[in-house]
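S.K.: Take the given structure of chain B and dock chains W and D with the ligand to it, following the hints.
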Amino acid sequence: MSDVKHIKLPDGSIEKQTTTLNLGPTHPATHGVFQNIVEMDGERIVSSEQTVGYIHRAFEKIAERRPLYQITPLTDRLNYCSSPINNMGWHLTCEKLLKVKTPKRVDYMRVIIMELARIADHLICNSVVGVDSGALSVFLYVMQYRELIYEIYEEICGSRLTTNIGRIGGFERNFTNTAWTKLDKFLAEYPGVLKEFENLLTRNRIFMERTIGAGPISAERALNYGFTGPNLRAAGVDYDVRVHSPYSSYEDFDFTVPVGTTGDCYDRFLVRNQEMWQSLSIIEQAKQKLEQFKGAEAEVYHADIPEYYLPEKKDVYTKMEALIWHFKIIMGETAMPAGEVYQSVEGGNGELGFYLISDGGRSPYRLHFRRPCFIYYQAYAEITKGAMLSDAIITLSSLNLIAGEMDA
Amino acid sequence: MSRPVRFNIHPKQPDIHDNIALAEMPEGVQGEGYFATGLERALTLARKNSLWPLPFATSCCGIEFMATMGSHYDLSRFGSERLGFTPRQCDLLMVMGTIAKKMAPVLRQVYLQMAEPRWVMAVGACASSGGIFDTYSVLQGIDQVIPVDVYVPGCPPRPEAILDGFMRIQELVHNESLRRRNSEHYKALLGSYGIQ
Amino acid sequence: MALTNEFIKGKLTEKFGEGVYSFEEPYEMLTFESHKDDNLKVLQFLFDDEDLKFQFLTDICAVHYPDKKGSELAVVYHLHNLVDNVRIRFKVFTGIEQPDVFSATALYQSANWMERETYDFYGINFVGHPNLKRILNVDEMDYFPMRKEFPLEDQTRIDKDDEMFGRGGSIW
Ligand code: SF4
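Residue numbers (our numbering), protein chains in the order written: chain B, 5 to 412; chain W, 1175 to 1370; chain D, 402 to 573.
This is chain B alone, in the form it adopts within the complex (with noise of 0.2 Å):
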């Protein structure tokens, strides 16, 4: 057998040398399609670079040819595990430029369902780290209880993950008996499942020597990598943009800011299940706020600006004025007017902005989304480097990246 190669090496190579990896886009331990190259020492990472574009859809170049309720269909899809967000954001947006001003019905009904909202795009972060931690159960037991929200979802606007919820100036119609009936199930059901998933994962030795330590991040650091959100707030900086440039009436509630110490996954994953109670009694706070309004405050679900709500269908062929309307909306013959306008709103993993801006005509000059996800994962390469490969994927997980709104 002398035509056997051997594989021979440089002289003292073998402490010396990396292996490179290709992670992605399609790797199994990835949620979404994120290349990583990684270049490791042993099971340690030396250097990695991320590529991302991979579903990349032009959101911006299509937003400047569609008018602005044709828009809110896209803005869906950006973070789709927490869609009425950023339609309530996008509309927002909106009745600023428009300066339209909402009743506080609406902005109360609003909440609740950005709260909701919150409430499936953590729980699915969440166990999703549980999952890549080895806890495949915890992800099947909730993954019952994000159902009800969807239904919930379904009740008010007719569909579940790409929602599409609500109308420049409101909502499309009152939310219905049923709709309130499977919130209070919801409401009934849900802290005990919390607490369950708490009990799980919280104290779990497993999960805790998985996390702890895994990928942190200073708080100088993650400002200066543009964090936002739940993962700024797990590094110890308690920046919300509910509480510091408060939109929809958040000004009324009452909540606390969870922060944590480290910035790593197993603060974020705290931060995170504290927002979700907190949610859940922002979500209380409104029903009750709901409950003062009497008579026909109480069946008030959009501004009265009939120049920009388009009216309702079974209005539209009935009634004369409503067809002046949406014909009027739909053609494009209401005066739209110029300027620009910034406008954020808390979005599942930070701060999703808006940046509009209009020169009269009946789509956006120019509509730029500040999309959370794309300016934090800059920072991966720096805060995996030295950590091992399964520390790595840890993280991505509980970053929270949602490939829809890094590539947009």
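Please note: incorrect hints may appear among the correct ones.
In silico BS3-like links for lysine-lysine, alpha-carbon gap of 25 Å or less [said to hold, decoys possible]:
| # | chain 1 | residue 1 | chain 2 | residue 2 |
| --- | --- | --- | --- | --- |
| 1 | D | Lys534 | B | Lys389 |
| 2 | B | Lys332 | B | Lys318 |
| 3 | D | Lys410 | B | Lys100 |
| 4 | B | Lys100 | B | Lys293 |
| 5 | B | Lys186 | B | Lys298 |
| 6 | B | Lys291 | B | Lys105 |
| 7 | W | Lys1361 | W | Lys1222 |
| 8 | D | Lys492 | B | Lys100 |
| 9 | B | Lys199 | B | Lys291 |
If you're looking for bench data, these hints aren't it; they were derived computationally from the structure.
M.R.: Coordinates of chains W and D with the ligand only, in the frame set by chain B:
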């Protein structure tokens, strides 16, 4: 501290006739201690009820797939308990979500890595036709790069629709002749995609 | 002292004089421009100044105005002072022939990808950027898709009738 156990307080009696669906027996000859049937029938029956899907989930539709495989809708009822994440082991490629032009070569690569027989399901408007994204960066339907067996419409399709699509794949698998993959027709189809 | 828009404006004009101009306040957010060569100086001043402390970069994006000859492209920075919770918007304009703008990556790590994205969409050449290449689109792309003259639609598609689907045109 002991906690009250809230679940499974009334365990179901293990009654397999109520709880487990049995696959229909294929036609054949049977007597005491033996059963004989065509190889094709036996094989397709096995294939049909143990499809290994490869979820190629890129965006929003992938989240609906999560729901489909999750506990509420439960894809494993159809014999796909095992989601494989490696193309080498799987026989059903489920493409869910937008495929950008940057992603198209990757998708094709994954398809090529799968062994025959392989089936492809395009879930959602984006995978089927580009969906709402008629833009410079999005592939206008995955059938431009790989052949597709079943399209599931919807943006995103409900989990029920995904399950329906899955059952149609099962039907195809069940009725497929063992020789199909060697036929001229099939070769011509693959040839039109430049696949040997 | 409260960080009002007047105060910021005063500070800026005190430091840069004529170098900063076009102060506006659309929807309460202070907006101003500077010459494109000064962009780093202005950003640095906003970052370092004791009172201003605009140390959080919210966003960078670009806008294309094909009609403004000589300054077709605008780069827009959104800055945030997290301590006093004030936001401002800062713009620089550049010609499309030679779209060179200094990169803010040394000041903000987060600028890295945002500038790459801006380059990808509009072709703005950020001078001093460590790794300026396309980020979202394929590397082979030979144009900058967000510029107004390029069409949105996939040009290879033949099954959609342009007239029926309103492709290629704009909605007017
Ligand atoms: S079909 Fe709709 S839901 Fe599915 S990936 Fe495309 S945009 Fe998302």
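S.K.: Each hint: holds or not?
M.R.: Status of the hints after comparison with the structure:
1. D:Lys534 <-> B:Lys389: With a Cα-Cα distance of about 23 Å, the restraint between D:Lys534 and B:Lys389 holds, given a limit of 25 Å.
2. B:Lys332 <-> B:Lys318: Distance ~17 Å between B:Lys332 and B:Lys318 Cα, so the pair holds.
3. D:Lys410 <-> B:Lys100: holds, 24 Å
4. B:Lys100 <-> B:Lys293: Status holds; Cα separation ~24 Å.
5. B:Lys186 <-> B:Lys298: OK: B:Lys186 and B:Lys298 at ~22 Å, within 25 Å.
6. B:Lys291 <-> B:Lys105: Given that 25 Å is the threshold and the Cα spacing comes to 21 Å, the pair holds.
7. W:Lys1361 <-> W:Lys1222: OK: W:Lys1361 and W:Lys1222 at ~23 Å, within 25 Å.
8. D:Lys492 <-> B:Lys100: holds, 21 Å
9. B:Lys199 <-> B:Lys291: OK: B:Lys199 and B:Lys291 at ~22 Å, within 25 Å.
When held up to the earlier numbered hints, the structure conflicts with none and fits them all.
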